[in-house]
Structure formats: C-alpha cells, structure tokens
Amino acid sequence: MLGDAAAAKFIRGPISLNQILEFSKYGVNAVRILLYIRMQEGIMVSRSELPKNEHTFIKIPNKTLESMFGVHRSIKWEKLRTLEENGLIELKLNGQGIAPEAKIIVPRLH
Numbered sequence: 002m003l004g005d006a007a008a009a010k011f012i013r014g015p016i017s018l019n020q021i022l023e024f025s026k027y028g029v030n031a032v033r034i035l036l037y038i039r040m041q042e043g044i045m046v047s048r049s050e051l052p053k054n055e056h057t058f059i060k061i062p063n064k065t066l067e068s069m070f071g072v073h074r075s076i077k078w079e080k081l082r083t084l085e086e087n088g089l090i091e092l093k094l095n096g097q098g099i100a101p102e103a104k105i106i107v108p109r110l111h
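In terms of my numbering, the sequence shown opens at residue 2 and continues consecutively.
If you are wondering where the hints come from, they were derived from the structure by calculation, not from laboratory data.
Idealized CB from N, CA, C, for every residue including glycine.
Some clues are possibly wrong.
Label-pair restraints from in silico Cβ distances [what the hints assert, rightly or not]:
{"#": "1", "residue 1": "19", "residue 2": "85", "range": "17 to 27 angstroms"}
{"#": "2", "residue 1": "18", "residue 2": "57", "range": "17 to 27 angstroms"}
{"#": "3", "residue 1": "98", "residue 2": "18", "range": "30 to 40 angstroms"}
{"#": "4", "residue 1": "70", "residue 2": "22", "range": "10 to 20 angstroms"}
{"#": "5", "residue 1": "73", "residue 2": "49", "range": "26 to 36 angstroms"}
{"#": "6", "residue 1": "97", "residue 2": "18", "range": "31 to 41 angstroms"}
{"#": "7", "residue 1": "57", "residue 2": "82", "range": "28 to 38 angstroms"}
{"#": "8", "residue 1": "26", "residue 2": "48", "range": "31 to 41 angstroms"}
{"#": "9", "residue 1": "18", "residue 2": "96", "range": "29 to 39 angstroms"}
{"#": "10", "residue 1": "98", "residue 2": "19", "range": "28 to 38 angstroms"}
{"#": "11", "residue 1": "98", "residue 2": "22", "range": "28 to 38 angstroms"}
{"#": "12", "residue 1": "29", "residue 2": "64", "range": "18 to 28 angstroms"}
Capping the alpha-carbon separation at 30 angstroms, the derived lysine-lysine pairs in DSBU-like fashion look like this [as the list claims (entries may be wrong)]:
{"#": "13", "residue 1": "93", "residue 2": "26"}
{"#": "14", "residue 1": "93", "residue 2": "64"}
{"#": "15", "residue 1": "53", "residue 2": "64"}
{"#": "16", "residue 1": "93", "residue 2": "53"}
{"#": "17", "residue 1": "60", "residue 2": "26"}
Take these sequences, add in the hints, and give me the full structure.
Following this line, the structure appears as structure tokens:
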C-alpha cells in the first residue's frame, strides 16, 4: 500500500467541512492526518475495495505520513491520542514497531 500512497496525489470524494472543522480544533497536523486517511480511503474506493460513503481502518506508517504530509512521528502519536480521546477517530494499536490504524468516526453531516 505504500507504493500506492506515494503515487496518489488526490483525495477522492467530497470532503466534509464538518470533519475538517472538528479536526482543525486540534491543529494543522490533525487535519493532515485526516487528509491522509481520506486519501487512502479514496484509493480503496477507486479499486472498489470500500463503499463510497464508508470509513475503514487505515494504517498510518511514520515514513509515509512524514514524507507526504510533513507530520513527524512524535507529533503523529500525540495527535492520534488526542483525536481518539476527543472522539474523532477510533485507534487500533498493532504492537510495538507496527503502524497503528485509525478510522474516522466524526460524522460528515451531508
């Protein structure tokens, strides 16, 4: 999936202003994480692996997130924990040294 992420330069589907507003309350890096998750979901929708209006767990590797969106791993973990505590994402930890997975749970409202 990393090769696909490196080649992707778009986010498929409508972006919910409600989601952007909610994530922006926690800083620009939280919005970058949202956009990364939405981009990966867009790739899955394009391949018909995910229905258009659903969210799923997306792996968030350090290298890809930093190279594409400029979010360093220490900031990534701080933001992921904050977003989970505030009910914007559901976080699945996969063990030490393995990328966590996140799922957007804040509603779109459109």
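Each hint, compared with the structure:
The hinted range of 17 to 27 angstroms is satisfied by residue 19 and residue 85, whose Cβ atoms lie roughly 18 angstroms apart. For the pair residue 18 and residue 57, the beta carbons lie near 22 angstroms from each other, so the given range of 17 to 27 angstroms is met. Between residue 98 and residue 18 the C-beta distance comes to about 36 angstroms, which sits within the given range of 30 to 40 angstroms. For residue 70 paired with residue 22, a C-beta distance near 19 angstroms keeps the hint of 10 to 20 angstroms intact.
At about 34 angstroms, the CB distance of residue 73 to residue 49 agrees with the hint of 26 to 36 angstroms. The hint said 31 to 41 angstroms for the Cβ distance between residue 97 and residue 18, and at roughly 37 angstroms that hint holds. A hinted range of 28 to 38 angstroms is violated for the C-beta pair residue 57 and residue 82, which are about 20 angstroms apart. Between residue 26 and residue 48 the beta carbons are some 32 angstroms apart, a value that agrees with the proposed interval 31 to 41 angstroms.
The hint said 29 to 39 angstroms for the Cβ distance between residue 18 and residue 96, and at roughly 36 angstroms that hint holds. For residue 98 and residue 19, the Cβ-Cβ distance of about 35 angstroms falls inside the hinted range of 28 to 38 angstroms, so the restraint holds. Checked against the given bound of 28 to 38 angstroms, the beta carbons of residue 98 and residue 22, roughly 34 angstroms apart, stay inside it. Here the CB-CB span from residue 29 to residue 64 is close to 20 angstroms, well matched to the stated 18 to 28 angstroms.
Taken as a hint, the residue 93 and residue 26 pair is honoured in the structure, with Cα atoms around 22 angstroms apart against an allowance of 30 angstroms. Distance restraint check for residue 93 and residue 64: the Cα-Cα separation of roughly 18 angstroms lies within the 30 angstroms cut-off, and the hinted pair is therefore satisfied. As the CA atoms of residue 53 and residue 64 are separated by approximately 27 angstroms, the hinted pair is consistent with the 30 angstroms bound. With a C-alpha separation of about 22 angstroms, the suggested pairing of residue 93 with residue 53 holds against the 30 angstroms cut-off.
Distance restraint check for residue 60 and residue 26: the Cα-Cα separation of roughly 23 angstroms lies within the 30 angstroms cut-off, and the hinted pair is therefore satisfied.
Of the numbered hints listed earlier, the single one contradicted by the structure is hint 7.
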